[in-house]
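Asker: Protein chains in written order, with our numbering: chain Y, 7 to 182; chain U, 17 to 267.
Worth flagging that the hints you see were computed from the coordinates, not collected in a lab. For glycine and all other residues, C-beta sits at the position ideal for the given N, C-alpha and C. Take the hints with a grain of salt, since some may be wrong.
Said to hold, decoys possible - The list that follows gives simulated cross-link-like pairs (lysine to aspartate or glutamate, DMTMM-like), each with its CA atoms no further than 25 angstroms apart: (1) K108/U with D203/U; (2) K167/U with D182/Y; (3) K151/U with D100/Y.
Said to hold, decoys possible - Negatives, chain Y to chain U, calculated, CB over 10 angstroms: (4) V30; (5) L47; (6) A72; (7) I161; (8) A177.
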Amino acid sequence: MVVLAVVAIIAQRWIPTALAMLAVVVLAYFLAGIRAKTLWLQLRPMLLMSTFIAVLHALSSNWRLAVVVPATILTLVLLAALVTLTTRTTDLVDVIVRLTKPLKRFGVEPERVGLTLLLGIRCVPLLSGIAGQVREAQLARCGIFDVRAFAVPLIVAAIREADAIGEALVARGFDD
Amino acid sequence: MTHLPTTTPDATAQPSAIPIIIDHVGHIFDVGTPRAHQVLTDITLKLDERRVGIIGHNGSGKSTLIRMLDGLIQPTSGHISVAGHDTVRDAKIVRRHTGFIFTEPDHQIIMPTVREDVAFSLRRSGLDKATIATKVDAMLVRFGLTDSAEKPAHLLSGGQKQLLALAAVLINAPTLLLADEPTTLLDIRNAQMFSDLICELPQTIIMSTHQLALLRDFERVVVFHCGQVVADGSPAEAKAHYLHLMETTSE
């Protein structure tokens, strides 16, 4: 994956190679047995931003950048998603713990680094769940979407949840 | 000092209760600040039953006390000992032998999939991967979670999430199980099922709840009101006192 990412960054110099790299990554999805729907779910959130970047480059610089920049971004995002789709979180954390072991002599605790990564991953569904609840509550109460009225309860709820998860982690024996 | 015995979850013989001594315990939240408020006042209890229930209104101090038994909250006055271990000084020892079930299972489910979350509890056990996998598989079978093993944990139903939380706690073979309103978010059927399940466990259980029917087989029920113990006895006595309290305090 890392090699593919490095190749993708080098390949962004030319349109055919950048597009070829994108095709290689899409092929990697099919080789990994991932369904087209899952691939689409990874791509969909990126499409609006990619189109914006392409238009911006087409207007301000040239056609080459309008193709290679979004293609490279999509390639790298798809590669990152492929890692999480094909690797157990436990294995991912174990690799991080192993990689950070040499840093122990500088006071870094590998298990803590791994736990931090874990909690980061844990927070994704948690925050999206809170955001969904706040949005629903806001729509139910006033029927409109207001950024400030959305952000305040989101942050308050996120801090509360973080406290509760911290407490539960201590209860599960992760208390140092 | 009593040593915390190690039990296996499937032990058939009923082990003796883990003795708990709560000695003149009080707790003030935000002590020393203008927001300071007393949640527990001079609680003294000696618990040596295997099934103890705690009931009381919201804000009566149930959750604070149950967290204190695991050393998650420290008393601002008095002492608590669990099997002879002080919950402040020996908090880690107490927690090593205690399982805690929270009201909201999402708080204690850390890993993305069911199997990984149960295995997470053994991450610091020093066991090799094969032994951990065997233990996890056995636990998943025991709680009927095998079919959901690879599913995202946060997509499980409320009842299944609480089962997962229990499985992840029991895999460490605790001798004491603390449960803070574990059935509040469950429907009536799941609440009864969950309660029956934990009542069959060999562990000593201290459970707070608002669902009085779940405590009918408990040996002792303590009623809290405004941070104090106002009744302490059999489930029937405690329930009668609590219902009377509800009538008198609502007037």
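Asker: Taking the hints in turn, state whether each one holds.
Answerer: Hint by hint, here is what the structure shows:
1. K108/U with D203/U: 34 angstroms, violated
2. K167/U with D182/Y: Status violated; Cα separation ~30 angstroms.
3. K151/U with D100/Y: Since the Cα atoms of K151/U and D100/Y sit roughly 19 angstroms apart, the hinted pair holds (cutoff 25 angstroms).
4. V30: 27 angstroms, holds
5. L47: Holds: least Cβ distance 14 angstroms, greater than 10 angstroms.
6. A72: 37 angstroms, holds
7. I161: At roughly 18 angstroms from the nearest Cβ of chain U, I161/Y sits farther out than 10 angstroms, so the non-interface label holds.
8. A177: The claim is violated: A177/Y sits with its nearest Cβ about 4 angstroms from chain U, within 10 angstroms.
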